[in-house]
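Given the coordinates of chain R, assemble chain G onto it according to the supplied hints.
Letter by letter, the chains look like this.
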Amino acid sequence: MVSDISLQVNPFASQGGTLGTIISALMYLSFILFIFFGQKIQVRMMLWEIDGTVKKLEFMRTEAKNLSLKTIKDVGKPKEDPTPTINSLLEQFILTPVEMDPAGIVWKLDHILDVRDAKFKDDVRRIAPEADEARLNNLENLVEASLALNTIYRVVKHFYLLGKKTSSFYVILQLQMILPIVMQEAEAILGATKAFSEGQPIGDGIGALVASKLTRGNEKRKMEKDVVVAETVIEGRRVISLKAEGPGGNVGKPGDAIRRIIEENDGKVSMIVMVDAAMKFEGENSGEISEGIGAAIGGPGTEKYKIEQEALKYKIPVYAMIIKESTQDAYTPMKKEIAESADKAVERIRRLILERTKEGEALIVAGIGNTIGIGQ
Amino acid sequence: MERKPGGTYLYLAVLFSLLVLAYSLWVLYSTVASYQEGQIENFYFGIIASFVGMGLAISSLAATRKRIVVLRSMASRTLTTALCEKCGFKMMRLFSVGDYVHKEIGKCQQCDGMMTITSIYAEEAKKKSR
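Residue numbers (numbering that gives the first Met the number 0), protein chains in the order written: chain R, 0 to 375; chain G, 0 to 129.
Extracted from the complex, chain G is given alone in its bound form:
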């Protein structure tokens, strides 16, 4: 399977943020226990530390999500559609250098008509699996 550039960095960033978030939640839980035990100083310190940790983790996760969305939108493939004007046979393939709209690309597979490129367009990666 092809590895996307920057993928490892994104996974590490998400993993680190999740770890910080989990630790902050654990600190928050411990803080509540400290309050019940009457350790007010620990309680306030824990509250501040856990909220700062959660804020940083959530902000980092949001930034990573934004980055993933941008990378996904950049990953697109270009398709070439060709049509036989005689029998209407339509063919679709990946764009290759040298293709252009209205170019005649050879004989039709169904009849002896000429296949002509009718459109070239980019399709976003998320639509591939559909």
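The shape of chain R in the complex, shown without the other chains:
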């Protein structure tokens, strides 16, 4: 009876030969090894996997840096070698304001971001003196993408080495768990570098494309901080459309522009429609349009805050129209299905205007996003 059971558990036992004994011993040994060293083996395997990813990230950040250098040399015609400046820009950081006393933190952050943007642009201008304004904005975006990849690489490498040094299962486990998402983001940013180097529109620019289509052919005026405003009349309603100034890579400061337009109209704005690209859920199609309520704008939150403050002050309803896309779609050259959704979004805005406003009223349509490759 006992031998029957042992046969079922280990078929090699019936052989009695040398090979059967060795295999049986190995099975028992591996079982004991897994009991005592299972976690250590798992840690080794995870570290092995992370090591491969870190090498891949290093390759990606080098690719992005080389592309930045090549484009700056081709477009900017620098007199000196731009490599030291690029190396310095890739390590740049900002320190956010203190959060212990949150009152006024938005304006402090806004100021810090303004200083950072101005310095970054000046630094890029210095190494690309021959670049015109649009190409300069593209180069700035390109260096920013390289900076983002460099930061991802440094952070991942830091936690990888920390996990290796401390042999902490939980540090390594957390890193391994988020790596697929991090790699998706890194691959999307690498895709963006090609678009930025050539000035191609990216998925994030769909909001700007919709705004430009709405007021195409009308007179434009420039507003402070890289925003362009145009007016048109749709079914007796005065539509004030705004977007970042293109075709260089730019997001502008739509919050400031909306505030100024509302003040110019003494608060008599019947509604604000914000059009932006937004993250789709897995399984949804890129280019689908959804409507909602609230300020559709990403970023650090300062522009959103300004728009919400003005809307509250004058009791103006804010409607959001989003065009769904993935992170990769947002950073990489605009896909056909996203580009085609622009005309559908314009139609839906027209319908929304007719439904929610009366003749003679004024309203704002804000096209949010990076306007690279999209003119006015």
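Watch out, some of these pointers could steer you wrong.
Claimed, not checked - Straight-line alpha carbon distances no greater than 30 Å define the calculated DSSO-like cross-link-like pairs of lysine-lysine that follow: (1) G:89 / R:343; (2) G:85 / R:212; (3) R:279 / R:212.
Keep in mind the hints are simulated off the structure, nothing from the lab.
Chain G only, in chain R's frame:
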């Protein structure tokens, strides 16, 4: 014909995996023969070796397939579409540096109207042949 970077590596990986798979299948076939001849030790050894070989080969083929899918999705071309607002003549060409949406790119080939870029978008490589 333009050679894609990394193509040789992919072909070699697929070829090697297929060879391992074929050899594993041959070992499995020989193992069955060993069982019929009563060589039980050879049978168990062959079973383990062939299954390990098949597992490795299939896993390698799956990883290579995933890599090919990723490379295909990365290979896209960007197209520029221009339209004559006067006669509606539409033109499509590959994107060239300096193109941007709403840029006027010259006179229409059909009439004296102005051609304007209406859209710039990326199209995946697999859609090219259709």
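We went through each hint and held it up to the structure:
| no. | hint | in the structure |
| --- | --- | --- |
| 1 | G:89 / R:343 | holds, 20 Å |
| 2 | G:85 / R:212 | holds, 17 Å |
| 3 | R:279 / R:212 | holds, 23 Å |
In the structure shown, no violation is registered for any of the earlier numbered hints.
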